[in-house]
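Generate coordinates for the entire structure from the input sequences, incorporating the hints supplied.
Spelled out from the first residue to the last, the chains are:
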Amino acid sequence: DSGVTQTPKHLITATGQRVTLRCSPRSGDLSVYWYQQSLDQGLQFLIQYYNGEERAKGNILERFSAQQFPDLHSELNLSSLELGDSALYFCASSVERGRNTGELFFGEGSRLTVL
Amino acid sequence: LAKTTQPISMDSYEGQEVNITCSHNNIATNDYITWYQQFPSQGPRFIIQGYKTKVTNEVASLFIPADRKSSTLSLPRVSLSDTAVYYCLVGSGNTPLVFGKGTRLSVIA
Chain R
2 DSGVTQTPKH LITATGQRVT LRCSPRSGDL SVYWYQQSLD QGLQFLIQYY NGEERAKGNI
62 LERFSAQQFP DLHSELNLSS LELGDSALYF CASSVERGRN TGELFFGEGS RLTVL
Chain Y
1131 LAKTTQPISM DSYEGQEVNI TCSHNNIATN DYITWYQQFP SQGPRFIIQG YKTKVTNEVA
1191 SLFIPADRKS STLSLPRVSL SDTAVYYCLV GSGNTPLVFG KGTRLSVIA
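First to last, the sequence lines map onto chains R and Y.
Count the first sequence with the numbering used here and you get residues 2 to 116, in order.
Count the second sequence with the numbering used here and you get residues 1131 to 1239, in order.
Mixed in with the good hints, there may be bad ones.
Which chain R residues face chain Y? A few, computed with CB under 8 angstroms, are given here [said to hold, decoys possible]:
#1 Leu31
#2 Glu104
#3 Gly108
#4 Gly110
Think about it this way: if two alpha-carbon atoms lie no more than 20 angstroms apart in a straight line, the pair counts; the simulated EDC-like pairs of lysine to aspartate or glutamate are [what the hints assert, rightly or not]:
#5 Y:Lys1184 with Y:Asp1197
#6 Y:Lys1182 with R:Glu55
#7 Y:Lys1231 with Y:Glu1144
#8 Y:Lys1184 with R:Glu104
#9 R:Lys58 with R:Glu76
Calculated from the structure, these hints are not laboratory results.
From the three backbone atoms N, C-alpha and C, an ideal C-beta is built for every residue, glycine too.
Shown next as C-alpha cells:
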C-alpha cells in the first residue's frame, strides 16, 4: 500500500460526458502528479500541483483540468469525453526534499472506459 | 527536460543478473536518476535513485559513471516475478518526472 488513494477504481461512461477522478496523497506529501496511461503506452505526464498551486503542465488536453485543495487532495476533471480518453489515470505524490524530487508514490489508478 | 533512451525490451533467464542501461546525454547538474518498476495495471513503484557513482539497496544497484550521461540498473538473480516494465527518469525538485516508454523485461524459466 503506497498510501495514495484514488477513487473511483473503475469508471464506465459515454462519449461527451464529464467525470471527476479523486486523489488523496500520502500524509505529509505536498506534491501531487497526474499521469495518463493508455493501453500498452507509457505514462504520459499531465500536470503537477505543489501545495495547492499548479507547478508544471505536461500533455494535458484543454478538456481536462485539475486542482489541488487546501487539504491537499486533488481532482482531475475530464470533460467532453472521447473514446481515446479511455485509459488508466494515475495519481502520485511526493514530499519533495529540496533539490531531490524524492520518491514518487503512486496510487492504484482509476480505469476510465469511454463507450 | 532531460530525455532518456532505454532498450525497448530485454529477455533473461531466471537466476541471471540483468543490467538495463539508460542514456541521458543532456542531464542537468541538479538532476537525479531514478528507476521505477511497473507491473500491468498497477502504478509504478520506486526501485532506486542516485546522483553519482554507485547506489545499492536490497533489490537493485545503480551504477552512474562520472560524466552521468548514462546509468545502469542492475537486478541480481532475477526471478519470474521481476517480469515488468522498468523506467529510467532524470529530474530534480524543479522539474516534473517524465516517464519514457521504459524497458519491458521478460524473465524466462
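Given pair status - R:Glu104, Y:Lys1184, alpha carbons within 20 angstroms: 18 angstroms, holds
Pair hint outcome, Y:Lys1184 versus Y:Asp1197 [Cα-Cα no greater than 20 angstroms]: 13 angstroms, holds
Given hint R:Glu55 paired with Y:Lys1182 - CA-CA distance at most 20 angstroms: 30 angstroms, violated
Hint status (Cβ of R:Leu31 to nearest Cβ of chain Y, threshold 8 angstroms): 11 angstroms, violated
20 angstroms Cα cutoff - pair Y:Lys1231, Y:Glu1144: This hinted pair is violated, its Cα atoms lying about 24 angstroms apart.
Minimum beta-carbon distance criterion (8 angstroms), R:Glu104 to chain Y: 4 angstroms, holds
Agreement of hint R:Gly108 with chain Y interface, Cβ distance less than 8 angstroms: Constraint on R:Gly108 satisfied, holds at 6 angstroms.
Pair hint outcome, R:Lys58 versus R:Glu76 [Cα-Cα no greater than 20 angstroms]: 15 angstroms, holds
Satisfaction of the R:Gly110 interface hint, Cβ to chain Y closer than 8 angstroms: This hint holds: R:Gly110 lies near chain Y, its Cβ roughly 6 angstroms from the closest one there, short of 8 angstroms.
Violated hints for the displayed structure, listed by number in ascending order: 1, 6 and 7.
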